[in-house]
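S.K.: Just so you know, the protein sequences line up as chains A, B and C, in that order. Add 8 to a position in the first sequence, counting from 1, and you land on the number used in the working numbering. Add 7 to a position in the second sequence, counting from 1, and you land on the number used in the working numbering. Position 159 of the third sequence, counted from 1, bears residue number 142 in the working numbering, the numbering being contiguous throughout.
Think of the hints as simulated: they come from the structure by calculation, not from any bench. Some hints here could point you the wrong way.
Partner residues are not named here, just some residues of chain B that face chain A (Cβ under 10 Å, in silico) [said to hold, decoys possible]:
#1 Leu19
#2 Phe22
#3 Ile37
#4 Phe48
To be clear about the criterion: a stretch of chain C counts as covered by chain A if any three or more of its residues have a C-beta under 8 Å from a C-beta of chain A, and this derived list gives those stretches [to be verified]:
#5 45 to 57
#6 74 to 85
#7 93 to 99
Lysine-lysine pairs mimicking DSS-like chemistry, simulated, CA-CA at most 25 Å apart [as the list claims (entries may be wrong)]:
#8 B:Lys118 with B:Lys77
#9 B:Lys77 with B:Lys39
#10 B:Lys18 with B:Lys51
#11 B:Lys77 with B:Lys11
#12 B:Lys11 with B:Lys61
#13 C:Lys221 with C:Lys31
#14 C:Lys40 with A:Lys227
#15 B:Lys11 with A:Lys56
#16 C:Lys190 with C:Lys161
#17 C:Lys80 with C:Lys192
#18 C:Lys80 with A:Lys38
#19 C:Lys84 with A:Lys143
#20 A:Lys143 with B:Lys99
#21 C:Lys233 with C:Lys180
#22 A:Lys113 with B:Lys61
#23 B:Lys78 with B:Lys118
#24 B:Lys11 with B:Lys51
#25 C:Lys161 with C:Lys31
#26 C:Lys20 with C:Lys31
#27 C:Lys31 with C:Lys80
#28 B:Lys11 with A:Lys113
#29 B:Lys78 with B:Lys41
#30 A:Lys56 with B:Lys118
#31 C:Lys221 with C:Lys192
#32 A:Lys16 with A:Lys143
#33 C:Lys80 with A:Lys143
#34 B:Lys99 with B:Lys78
#35 C:Lys192 with C:Lys161
#36 A:Lys227 with C:Lys20
#37 B:Lys118 with B:Lys39
From the three backbone atoms N, C-alpha and C, an ideal C-beta is built for every residue, glycine too.
The residues making up each chain are set out below.
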Amino acid sequence: MPVSTSTKNLLNEVGGISSFAGRFFSQWYKPRYEIAEFFRQCYVIGYKSLPLVGLTGFIMGLVLTMQLRPTMVDYGVESQIPAIVGIAIIREIGPVLTALIFAGKIGSSIGAELGSMKVTEQIDAMEVSGTNPFKYLVVSRVLAATCMLPVLTVMSDAISLYGSYLGVNIRGTTSFSLFWIQVFESLDFYDVIPAFIKTYFFGFAVGLIGCYKGYFSSKGTEGVGRSANSAVVVSSILIFIIDLLAVQITDVLGYN
Amino acid sequence: MIKKSVANNIKLGAFVIASLIFLIMIFYMIGKNKHLFGANFTVKARFENVQGLKIGNNVRFGGIDIGTVKKIEIINDTLMEVVMTVDHKLKKILRKNAIASIGTDGLVGNKVINIEANRLPDHAAEENDILLTQKSVNTDEMMRTLDRTNNDVNIVAENLKIITQKINKSQGLWDLITNRKIAIHFNKTAENIEKASMEANKIGVNTNQIIRKISNGRGILGKMISDTLLYSNFNQTIVNFKKAGIRTDSFLLKAENMINNIESEINYGKGPIHALLVDSSNTLLFKKSMLNIEKGTEGFNEIIDAMKHHFLFRRYFKRIENEKIKSGNP
Amino acid sequence: MSNTILKKENIDTIETQKKTEPVLMVSHLYKSFGDNKVLIDFNLKLNKGENVVVLGKSGSGKSVLIKCIIGLLLPDEGEIHVLGENVVEQTSSSLDKIRAKIGFLFQSNALYDSMTVRENLEFPLRRHWIKNNPDEVNQLVQQALEDVGLGYTIDMMPVELSGGMRKRIALARTLILKPEIILYDEPTTGLDPITGKEIIRLMIHIKEKYNTSSLIISHDMNCVKLAADRIIILLEGKCYAEGDYETLRKDKDAKVIQFFE
Ligand SMILES: Nc1ncnc2c1ncn2[C@@H]1O[C@H](COP(=O)(O)OP(=O)(O)O)[C@@H](O)[C@H]1O
Ligand SMILES: [Mg+2]
């Protein structure tokens, strides 16, 4: 019996998220367009996440380089550090790390914000004020998250690589231009494009789950907390699932 | 409120543009490395075997990346045409008679086309010119030579062994002392030995050359080999070979001396016992030399064995074996 | 049940009063959530310039009723006529037009936490496409804040305000559209009695100033005594009793008496 109820809960969750996504797709392109709100959300979701994403990206680049160094020195391929770190950051670490940080910051804040709006009837108040709250709140946030995560990821990649450059120069000397030339030389379009495309899906997942959890938050402040928490958990899991799918798809298409 | 949102939008815009610039820079740099931008011109080269060359592989002139492979077409069953796009700046530099060859950049099979200038003068290359080609020394062939050399060494050693055995059966010694014809025969044998030792020397030189080829400018493969034990083993063998060669030389000198002695013995009749003494010491020396040569060959065989198990060459040796089996079973 | 005006008589009274067209009329309303039947054949009418109080215990479905009227909940059966239009049958855009004429004061105020007081008041104006000229908008905002006596809070955030102030700001937000009908969902709940009375006085003041009709949902006797022209008791999903304060207070029915103890 407990197995069947937990299965039921899972199916209920998946079904709920799917129909919520369906509602998003049936509404986002129809007027009225909440453009001002979209840009406001882009600012809040994108720009305001930059310090956090940048800091984690920087540390990741630096640490990755310093951790790799001893092994690379052992094999006598120290000069390949920029190439290897470049590929690792651009293909996998940059997109996934940024998405996870993004899920932690934005997923939870969207979940909590919409949850408390739901609980205190602000969503109802919007509806009676001539506003489609789904468009005003959900569509604008999901679109903003979808558009901003790729931008954040690119910034984070750049900052990560800069961190790596500093990491290389702690114990060695590689000129700034040589470092970047080596990074770019190791890259191909097939490294950059799939990694870039998948960040759109990550952003969409984080925005959608955050909104879903908040929009259907249960009453009470406890419900708000739970929305925020499960928004982070579910969107983090979804990020890994999407990542897995992405690698499979690029593999099948032969872009690896 | 409006002012604030304008300020926010400005920040947002700066942020988006900054990341857009970085993204474009990535694409531009990759594109530049692939010579996607700027004016290009096309040259062609025809090969019997393109050795796994792919579209997008680099084209180098004097070691500098100047373009990429754009197309590979099959002209007929023995001829493949490779179309390359090359930076237009090379138009004034590249000659019609430049020589293209297929090489390897690095260990993991990134093929490159190397274009080298011909020493003879010619006109500047034009659009769609077909360049001269040179069959490249590839690792497969190098390995084949190595194996052949190994076989030669085996044969030499075999010959030497037979000779020693013959000498060991000292029954013929008396004939040697008395019969001049046999002495002449012996002379010939010695000549053979000399040849063999020369062969052995040649092997040493050959192997040396191969090693030099491998370690000189053949990319990571060379480095790999020079980094591993393999190379030191190789070197050791060559030293052994040389030692063996020197020993053979000194043995030949002594053998010649012996023959001279035997001749003078016969001619001046100093008696057989003396000759026998000379002979025995010579035989001992001879044996020692043989042992050295054998050791050298063994070492070489060991290396070949080791290489057979080395991941880089495993595929090659398997193929050789398969070929042997095929030719063995008609 | 002598003083209780039942459903049929109710309709009869409507029919006899046809010349004074009611601004709001709810007839035969059914609403249930699963097995929980909240409203069963509920009827109500609100005449122009009238203050009607709906009395009911907590959880009796008062908020459900008021949300059906504004179109936030779709009733299972029944009709809701607001200013002559049936709310149940509207498309979303025509529903918005009706909503623009109704003010709704939420039980929890529903002030937007992320916006200042000014932005909160501007929101319905801009969203209903009513005013876009900044000067006009600004003037209306000032006016609405003056009406509730909180002009100085214009650039504050809702979290900086006390409960009574928030209620008044929320009231100002419903007033800014100059509605013909105002729906109050428990306006005094959660406030101390003195502040509650202030709010009630404000409601009466607004009614007189703008000549609005109000439907007030409450279980606060102060509110009933001061503001009600007519009282409807909502019990077991039905309109159990109806009448003015004095009549209902003298009612002998035990279920009615419990509200007036
Ligand atoms: N959206 C909803 N879903 C399910 N049940 C609801 C919903 N809204 C209200 N109810 C139920 O309807 C009943 C009446 O609720 P409500 O109208 O909020 O009571 P109150 O009279 O205190 O305002 C309650 O039993 C509540 O559980
Ligand atoms: Mg209620």
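S.K.: All hints, please: hold or fail.
M.R.: Hints versus structure:
no., hint, result
1, Leu19, "5 Å, holds"
2, Phe22, "5 Å, holds"
3, Ile37, "6 Å, holds"
4, Phe48, "23 Å, violated"
5, 45 to 57, "holds (count 4)"
6, 74 to 85, "holds (count 5)"
7, 93 to 99, "holds (count 5)"
8, B:Lys118 with B:Lys77, "14 Å, holds"
9, B:Lys77 with B:Lys39, "15 Å, holds"
10, B:Lys18 with B:Lys51, "52 Å, violated"
11, B:Lys77 with B:Lys11, "53 Å, violated"
12, B:Lys11 with B:Lys61, "55 Å, violated"
13, C:Lys221 with C:Lys31, "23 Å, holds"
14, C:Lys40 with A:Lys227, "20 Å, holds"
15, B:Lys11 with A:Lys56, "15 Å, holds"
16, C:Lys190 with C:Lys161, "11 Å, holds"
17, C:Lys80 with C:Lys192, "23 Å, holds"
18, C:Lys80 with A:Lys38, "19 Å, holds"
19, C:Lys84 with A:Lys143, "22 Å, holds"
20, A:Lys143 with B:Lys99, "62 Å, violated"
21, C:Lys233 with C:Lys180, "24 Å, holds"
22, A:Lys113 with B:Lys61, "45 Å, violated"
23, B:Lys78 with B:Lys118, "14 Å, holds"
24, B:Lys11 with B:Lys51, "61 Å, violated"
25, C:Lys161 with C:Lys31, "15 Å, holds"
26, C:Lys20 with C:Lys31, "31 Å, violated"
27, C:Lys31 with C:Lys80, "19 Å, holds"
28, B:Lys11 with A:Lys113, "23 Å, holds"
29, B:Lys78 with B:Lys41, "14 Å, holds"
30, A:Lys56 with B:Lys118, "47 Å, violated"
31, C:Lys221 with C:Lys192, "33 Å, violated"
32, A:Lys16 with A:Lys143, "30 Å, violated"
33, C:Lys80 with A:Lys143, "18 Å, holds"
34, B:Lys99 with B:Lys78, "23 Å, holds"
35, C:Lys192 with C:Lys161, "11 Å, holds"
36, A:Lys227 with C:Lys20, "20 Å, holds"
37, B:Lys118 with B:Lys39, "19 Å, holds"
Violated hints for the displayed structure, listed by number in ascending order: 4, 10, 11, 12, 20, 22, 24, 26, 30, 31, 32.
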